[in-house]
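J.: Residue strings, one per chain:
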Amino acid sequence: MKALNVPKIDFVGKRIYAIIFSLLLIVVSIFSLSINGLKFGIDFTGGTLLEVGYQRDVDLADVRATLSEAKFKGVNVQYFGSTKEILIRLEPQSISSAKLSSKIIYLLGDDVDIRRVEFVGPKVGEELTNDGGLAMLYALIGILIYVAFRFEYRFALGSIAALIHDVIITLGIFSLLQIEFDLTVLAAILAVIGYSLNDTIVVFDRIRENFLSTRHTDPVKIINGALNQTLSRTLMTSITTLLVLLALFFLGGEVIHSFALALLIGVVVGTYSSIYVASSMILALGISKQDLLPSEKEEQAIDNRP
Amino acid sequence: MNQYSSLKNALIAFFLLLSVLYALPNIFGSDLAVQVSSAGDKLIAKSDLDKITDTLKSKGVNYKSAALSNRRILVRFDDNASQLSAKDTLKTALGRNYVVALNLAPSVPLWLSNLGGKAMSLGLDLRGGVHFLLEVDMHAVMAVSIDKHYNELRTLLRAERLYKSIKKEDERIVIRLKTADSKDRALKIISSELSDLVVLESNNKDELSIHLVISDSAKRDAKKNALKQNITTLRNRVNELGVAEPIIQQQGLERIVVQLPGVQDTARAKEILGAVATLEFRMVDEKNDPQTAIRSGRVPIGSKLYYFKDGRPLLLKNRVIATGENITGAASGVDQESSTPMVNITLDSIGGRAMLDTTKKYLHHRMAVVFIENKVETITKNGKTIKKRTTTKDIINAATIQGTFSSRFQITGIDSGRAARNLSLLLRAGSLSAPIEIIEERTIGPSLGADNIAKGVLSVIVGFMLVLIFMVMRYRVFGLVANIALTFNLVMIVAALSLLQATLTLPGIAGIVLTVGMAVDANVLIFERIKEELGLNSNIQEAISSGYDKAILTIADANITTLIAALVLFGFGTGPIKGFAITLSIGIITSMFTAIIVSRAIINKIYGGKKTKELSI
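Heads up: the protein sequence lines correspond to chains A and B, in order. In terms of the working numbering, the first sequence opens at residue 1 and continues consecutively. In terms of the working numbering, the second sequence opens at residue 1 and continues consecutively.
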């Protein structure tokens, strides 16, 4: 049995650097999001996507030539995973909608293996975008209510600040690198919300416990203590999660690639934010021991006065 | 201290055994099979099973087993070739009252399936197949509804000679009347006979007019009926296509989801699902010349101009002898004389009688068959999306009536054998009550499906192994305990998914992988807490106990918030997101059980109540 050595890192004292760092990332993210935007997949824009497998290596120029003869507009052809597989993307077309994929399959000839066809009508895409935004909003509201109910409103605001921080930065990286943003990435971002929150709640739980169990009232000391006590757990969980995500990223196949990437980014950012952002936020909002005492006792104390 | 009662231990063991049992069906793989089910109301019986086995034996097709369960017969095969030849053989032998389809049947042992054990149901992205989202053109439904009410109203009011004029304006009917008295009477008739119509009181400057719209409840009913009727028709068509385990479901108020596992020919599936085709039988107007009508621009009263597919015009009488609705049977074939494709038609009694009367009266006249197709498409033009509605009416043939006939006859003059097959299928399955449009399609080829499974399983295994190794390195014996808990967690997720028959998709597998990573969190929390307690307090038993106790609240808080996120995902998500949310939610719940209770039970067995000096943590 080893003697336990809780690290004594002054996280809170260095928060000014963290705040500058976070603000910088957020500004860059928002800048990129407003200039480049996100590269939305057909799930959101509507359009047609075909994944086609060939027996041998295929020349993209040939495929492009075949498709441009048919006068499709907004055609994008690229390799997908290997040079034997290609991905064809088309904008919503003027000729017809659902028949488009059949036409392309016909144009490509018989010796190809149609691995995947996705067609999303413009209206469906629009709805998915709205629903996705709403899903994120409702998830945040649900979490806000639960945390406010279980802890205190400052904790709720702190955790939401951390979540918004994580989401903006993850989206920002997707925008900067122009990685395709599809439905699965949206799911990943919602999972990041869940994960980051998990992390934040563990830290908050400890902060509350320490506030209530010690005589210290200096919030800086208490928060620092809690962060150090939970540090090894925070890192351990991040590492195990990152391990499986790396497995998913490298072995899960192309379809799951951006999903795994979004989670990888999100877990790293989420771990950082639960250490720095969430606790800085509650400190800035002025948390104190009094705020955390159970309210029933207060009421009772008042009632018992002569 | 630190001992569970034997009852509690027994309960835990029971739960774990149960989950192992229900996860078990997934390891048996599946057989190539042909599935036979009933296309109509008739139930599949034991006699059908005998007929199938006899047919296969007589044709020399080898099969592994054949069994009747869940109102369907599954015939299993060892190889692909006999599966395919069996499908063709059975399709011809059994006829139209049965759906014969290729399928993959899980080869779960009988004792296990008797206990309710089922393998997980795989999503289309894992097994291959087509997913369509269809939207019913409710605009057309309303137009039909307005038409119907307009006609009824006109007939009623005409009987009493009440109106000056009556016409349709968009979604309303406007009646102009002669006198205030006739207005009152008209209103009375409307309220007593046509309760679905609502009188618009406002902006009614003209005293002698009535503006009517269809009531909201009637509109709702019309839409609901159209959707229901379309679902029935689609189900018939899918049955005709021969698909094992299709899903045809309403989604929202205007949409229908159709999932066809294993279907590869999407072009045909689309053609068949989307077609709103029907037939009309009309007499040719032999007295007038179509060319004259075109030149003068005046079509004779009682007739209308129609065209053949190649553009030849013909004048047809307005009166319809019979329509597709009167058709009870249709089968494609080849005309013996001309050796061209044809469709054999059987009419119901009403259609048959009308046909008999007509053919008697108009012997040696020509009768035309008109093919009517309604389509709706969303297209993007100059950046704007518009709905394009088209109705095509083509004459497929116009033949001289050689003799009287009633309910059984043939239609010839069809382009190709494929067109004849599609036409007969559509006539059999019934027509859609309103045009539908495919607004979303997702097709996954079988090779990609198999690929996705292989990659998904590989990443689960590798991720899982990495976590196992890491946990043992960090927490030794406790790490080992966490690993056992984690393994049970995986088993429980699989068991839960199998029991719920929730569909496993690739994002679902990703959810499992993520759960594996996050599930150890609970154990990490507990173990770190125990370590801390050991630092504060030298009593090992107390350290374990308070480590667990103190961590549990944190774990619950953290997991409940994640569960909220997962439930929101489930509520809002469609297909792929839902799959992810399901496995994530199940994973969170099972991980609480395994990480807290199962791991505690094992730790108790190892250290509980013993005088241990050191913990291997």
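Possibly wrong hints are sitting among the right ones.
To be verified - Computed list of lysine-lysine pairs in DSS-like fashion (alpha-carbon distance at most 27 angstroms, straight line):
id, chain 1, residue 1, chain 2, residue 2
1, A, Lys-39, B, Lys-224
2, A, Lys-123, B, Lys-455
3, B, Lys-167, A, Lys-123
4, B, Lys-167, B, Lys-388
5, B, Lys-270, A, Lys-103
Claimed, not checked - Chain A regions said to be covered by chain B (calculated; three or more residues, Cβ under 8 angstroms):
id, stretch
6, 8 to 14
7, 133 to 147
8, 160 to 170
9, 278 to 288
Hints were generated in silico from the structure; no laboratory data involved. Note that the structure is predicted; figures quoted are calculated from it, not measured. Here a beta-carbon is modelled for each residue, glycine too, at the ideal position from N, C-alpha and C.
J.: Which numbered hints does this structure break?
T.: Going through the list in order, the structure violates hints 1, 2, 3, 6, 8, 9 and respects the others.
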